[in-house]
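J.: Quick one: dock chain against chain with the hints and give me the complex.
If you want the building blocks of each chain, they are given just below.
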Amino acid sequence: MGNYSYEVENLNLWYGDNQALFEVSMKIPYREVTAIIGPSGCGKSTFLKMLNRMVEMIPKVRVSGTIKYNGNNILENYRAEELRTNVGMVFQHPNPFPKSIYENVIYGVRIQGIRNKKKLDEIVEKSLKQAAIWDEVKDRLHTSATGLSGGQQQRICIARALAVEPDVILMDEPTSALDPISTLKVEELIHDLKDKYTIVVVTHNMQQASRISDQTAFFLNGDLVEFDKTDKIFSNPMDKRTEDYISGKFG
Amino acid sequence: MNRRISNNIATSVFILCAVVMIATLVYLLGYILTNGFAEIDWSFLSSNSSSFQEGGGIKNQLWNSFYILMMTMLFSVPLGVLGGIYLAEYSKPGKITNVIRTSVEVLSSLPSIVVGMFGLLVFVQYMGLGYSIIAGALALTVFNLPVIVRVTEDSIRSIPLKQKNASLALGITHWHTVKTVLVPAAFPGILTGVILSAGRVFGEAAALLFTAGLSTPNLNFTNWNPFESTSPLNPFRSAETLSVHIWKVNSQGIMPDVLEIANGSAAVLIIFVLIFNLSARIIGGFIFAKISGKK
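If you read the sequences in order, they're chains A and B. Oh and the first sequence: position 41 is 41 in the working numbering, straight run, nothing missing. Oh and the second sequence: position 242 is 242 in the working numbering, straight run, nothing missing.
Heads up, some of the hints might be wrong.
[Claimed, not checked] Taking lysine to aspartate or glutamate pairs in the EDC-like style, the calculated list, with each CA pair at most 16 Å apart, reads: (1) Lys92(B) to Glu56(A); (2) Lys27(A) to Glu56(A); (3) Lys68(A) to Glu9(A); (4) Lys162(B) to Glu9(A); (5) Lys249(A) to Asp239(A); (6) Lys194(A) to Asp167(A).
Hints in this document: simulated from the structure, not taken from any laboratory.
Bound conformation, chain B alone (with noise of 0.2 Å):
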């Protein structure tokens, strides 16, 4: 065959490979948001879901969402983010380093739904949490510890190493070197793999199925004392997120409008991460310009 029809031939296929894939998410965001826009109002957001009657809203999932997703964030960020910084810039390599490694490999690759067995045996029942937001926010963590430290080793891994020099050559010590050149240049990459991340938290379910539960109780969102059982702060209830919401609405509803509330509660959903992920690189980007002084 001549070169230049493979030159043609290779070309269209990258090409079709791109349309098909921007195709899928195209078709899928436009099912999911033109079914979904239409149930989305104020009183959708801002009420309680109803169990059998028509009408239910979505209010106390949403919350719930956004509560486990900044306790996971709280456990994960910090931990993944100091455990990213030691497997980039202190472990020697070796024995323990490639056990470190391995660990974090098998840990991301965990299916869902094993983390949220795990959760449940070791954070509901060993540990007594019960079905809780905290319990929930711990097997996300376990969920999503990998993928922080992953972002973390590789945007400090991809400053160049003449930079490092630079730094350690004037005098100054590893640790100061790490914080305010090593650190700074990669926040934009692991701010952005953080954000990300949330999105991915945001939607999980399988994993909170077990251990954050299927249901709410009844909130007072007047009360917010932690320590009260009806506070919307109690990080010992039980609490349903939107994700979850859907799968239940969807597996086990007995409303009339089923339909309804899991398409609204899907674009909510959607809209969300897509907020979450579009964010990302603007709050990137933007960090990444203040940094690095004006142009």
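Extracted from the complex, chain A is given alone in its bound form (with noise of 0.2 Å):
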């Protein structure tokens, strides 16, 4: 593993006709936060699942360059699969399985051929105390995980992510669908894991991208325009663009 988990160069997509990404490259660093921020439909969501190749689920989409994820390009001979067990990914909308609240989180396991009952009951532990939601569900594992609130679901879900030892989470706008409280909780969450995962992270909220990131990439209409540390982007940005979008000129 070198200092980078992804190292993008000259990604190109196409959504049809439309080219959602033009030539964007970038190095997303080993266990560091880092935020994609942009306005609407200018490619950052895409860009995401372009690191898990969750975009592949879109029919008509094309791509070109390289993403190399831990030195191995995902784009040529690697199985989606075995790319997304060692990358999470957590969706813009809590979306636990209708199931128990412990059948969610042992999920992936299971199918990866983990029976051990104690084995099981040990991940589920690990990876709710990891998610920071241990405390809240101990006593009603085997309740179903849509009876929690919003937030509580999101958490499940990162525990879910959390439970199939990956080592880069994506998240796509995390709290966006979260009030207040809830999003304090998740920020202080990504805080967290950051000492033993890679985390990239979209988000709406400029705010959030400078409390929680050490980087921070801006995107406008499929263009990289700027990346750098969180600090120089927000306070000594390079480009015109980014400073507009930054104090709140545009998006």
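T.: Take a look at the structure:
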């Protein structure tokens, strides 16, 4: 493993005839938090979904360039399933399965073949603790996850992603459907998790990006306009367009 | 016209339609059940039908109805459910998928008498099955398959995409996602559809007239060897079902108690269809509660 989890070079992406990403090159550092900001439709979510190849779910997608994950190009001879067990994803809207909390957390590892009850119990406890929700749900592990609040559901989803022991976690606007207190909890969680995981967060919220991230990428109309240390981007951006965006002139 | 008045008119129209619907249903059920209920007793359900004397029962017809239903489900459920999963998850938009989808739609709108004629030509004559339970079950499969395909496809499509994404993003293969996320979540819907379609199959007469036949050989309910001609389990014997019996008794019966037999049979038929429908709701709700965990 180098100092970078991802090295993206000259990435272009088309939805049918519409090009959504133009020659994007960026290196995502290992075990740090990288925030991606930009106005709606700028390609930030598309870029994120490229990192675990979830974008392939959409018909008529075409890609060129390279994305190296831990040194291997994931666009060639790489199984999407293998990539996704190492790269977890948390979505904009909490999406627990309509099963119990326990079943949600062990879903991924059970399919990987772990059947031992004691081992599964350990994984559940460890993952829920890491996701900072163990104390809230430890007495009702076998009740439905869909009965929890939105913020709790989102942390269950994070626990579910952590249970398969990824080394990267992608988050697609993870707090945009949550209330302020839940948002704060998820942000604290992101801060705690970066000791062990590389985290890439797409966010609409610039304050959030400045609070949680080590570096920030600014996308506009499919171009990566600027990518630098978060402090630098928010205090002294190089590009006029970045400055306009973070000072609220558009977007 | 003022908005408040038009709103009231619209509300009244909707209520009126609902009342007409419910009233028709209640009247129909009430009529059939009150007329038929008096005829139903144990000897009616457990004795053979007679061709010209008074006091015949519906034992064989009832048995035949259930046997044909079971065999139809045995053919149509696996095929229909797998076909529905294919259409919902695996088929790529394009010509072939359109052809399949159109075929399913055409199949589901075929009049059942036409399905019966088709069964007569293909299963009874061409395949040489004769008037038999198996020919009847195959004809009913043609009749029932599109319903099950449709129900399965709709149930799977109605599961939010985010569920599927959640599973795929964990590195789970498509097949495992179908097996462990989509099908379990769609199961209550599929089961409800299957049970409701069972009610339709149970009451079907036209498709069976030319396939399962209008008569039943003398059955020996102590002989369960399916290869013997008097066995109730023999799939190659002709079999008159309950709904066919109602039609036959009404149109060509010469026993003195034709009306009573028809009324009683109709009530039995309706009761079973009602049981199917109610159990569809109860079982579907129960399984949904079970797989989604306690609240």
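J.: Checked against the structure, which of the hints given earlier come out wrong?
T.: 2 and 4
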